[in-house]
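Asker: One letter stands for each residue in the lines below.
2 protein chains.
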Amino acid sequence: MKAGVLYSGGKDSSLMALILKNMGFEVELLTVNFGIYKSWLPALESATNLGFNHRVLKLDDKILRKGVELILEEGFPNNGINYIHHEVLELIANEYSVIADGTRRDDRTPKLNDNEIRSFEDRHNVEYINLQSFGYKTIKNITFNLFEVTNEESNRDNNSDYEVEIRCLIDEIKGHNFSNKLFPKHFQTRVSGWKNNNGF
Amino acid sequence: MKAGVLYSGGKDSSLMALILKNMGFEVELLTVNFGIYKSWLPALESATNLGFNHRVLKLDDKILRKGVELILEEGFPNNGINYIHHEVLELIANEYSVIADGTRRDDRTPKLNDNEIRSFEDRHNVEYINLQSFGYKTIKNITFNLFEVTNEESNRDNNSDYEVEIRCLIDEIKGHNFSNKLFPKHFQTRVSGWKNNNGF
Chain V
38 MKAGVLYSGG KDSSLMALIL KNMGFEVELL TVNFGIYKSW LPALESATNL GFNHRVLKLD
98 DKILRKGVEL ILEEGFPNNG INYIHHEVLE LIANEYSVIA DGTRRDDRTP KLNDNEIRSF
158 EDRHNVEYIN LQSFGYKTIK NITFNLFEVT NEESNRDNNS DYEVEIRCLI DEIKGHNFSN
218 KLFPKHFQTR VSGWKNNNGF
Chain W
38 MKAGVLYSGG KDSSLMALIL KNMGFEVELL TVNFGIYKSW LPALESATNL GFNHRVLKLD
98 DKILRKGVEL ILEEGFPNNG INYIHHEVLE LIANEYSVIA DGTRRDDRTP KLNDNEIRSF
158 EDRHNVEYIN LQSFGYKTIK NITFNLFEVT NEESNRDNNS DYEVEIRCLI DEIKGHNFSN
218 KLFPKHFQTR VSGWKNNNGF
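Heads up: the sequence lines are chains V and W, in that order.
According to our numbering, the first sequence holds residues 38 to 237 in order.
According to our numbering, the second sequence holds residues 38 to 237 in order.
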């Protein structure tokens, strides 16, 4: 059975993909793009190095624009990112009957709570899977054994999170580097391949 | 790294064991016993058929007795079962640094909520993993492809859940078949081996 996994090239969504592959799913990694910046390239590279099928999901930039509007209103990115993630899932549910993302137990946003998951699954007759089984420490230990990773200061060319296009659009609207005020600098872990070149 | 998985022989805890094995953990399946009835035997058989190491954890029957007391007071088994599960986890945390059980997203009891998980992990410096990533439907589909299962009306000799010893103790205290009033008849799915004899 096919499973569509929202994929950023990070260790969480890479682990989600691997778990589903090992359960017998035919995994398709999906990276969303709203046509603002080629932010899918890092995810494509990670997916290719891991040997997974990868697909860029080109979506209407209305979703991104509404998310950015929320972020600018609130001066805080969390709800805007959460809005985008929920809208993306709604769209994917038209194409895939098993849908997964790499949200962990201790992630706060983007995140579907239990009621949202139940509603999402029931309305679309889909199955939704995330990494809620696992905490940060477990995922760190497991992925350290599985994947080669790079860890760099986040920029628009080394990650495929929603953040990249959000920031590009904010800077387009509000002026050069305005997004720095809303997003703190952080380090970005990206999966560059299998450790020991042996998969599991 | 070693992981202790609370194991009943059912499809949930069997899937949990498999996921951890595929992540590179050295899995030990643990079936709790309080010395009231040999309820570990079905779990031992399932574990053996799947090729996992299995260990019977003989625990003080004080835990079981306090759980049963709660069930008899309330006339309802949920809180008593939950009490026993939490106490069992506390004890296992002295021996294992990675601890897992087969509780699903839509399970209500026994279950650790997010705050209980955080407290449990922090107090004992352990990692806790469950099946919260998955809903009932997903687990049903996945395990159907992986495992041979039997499905019979539940009795004391075809399952290794806490329920078996709880019922034995209740019947011992309150008289023959009293536990039938507290536990509805239900069907019991038990893993009897790999499908197609090929593991994953």
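A couple of the hints might just be wrong.
Since the list gives no way to pick out one identical chain from another, each pair is judged satisfied if it fits inside one copy or across any two copies.
[What the hints assert, rightly or not] Straight line, CA to CA, 16 Å or less: simulated EDC-like cross-link-like pairs of lysine to aspartate or glutamate:
#1 K148 x D97
#2 K174 x D151
#3 K174 x D159
#4 K58 x E110
#5 K99 x E124
#6 K218 x E189
#7 K99 x D159
#8 K218 x E111
To be clear, the hints were calculated from the coordinates, so they are not data collected in a lab.
All values derive from a computational prediction rather than experimental measurement.
Asker: Taking the hints in turn, state whether each one holds.
Answerer: Structure-based check of each hint:
| no. | hint | in the structure |
| --- | --- | --- |
| 1 | K148 x D97 | neither (21 Å within a copy, 40 Å between copies) |
| 2 | K174 x D151 | between (22 Å within a copy, 15 Å between copies) |
| 3 | K174 x D159 | between (32 Å within a copy, 11 Å between copies) |
| 4 | K58 x E110 | neither (41 Å within a copy, 47 Å between copies) |
| 5 | K99 x E124 | within (10 Å within a copy, 51 Å between copies) |
| 6 | K218 x E189 | neither (20 Å within a copy, 61 Å between copies) |
| 7 | K99 x D159 | neither (25 Å within a copy, 43 Å between copies) |
| 8 | K218 x E111 | within (13 Å within a copy, 55 Å between copies) |
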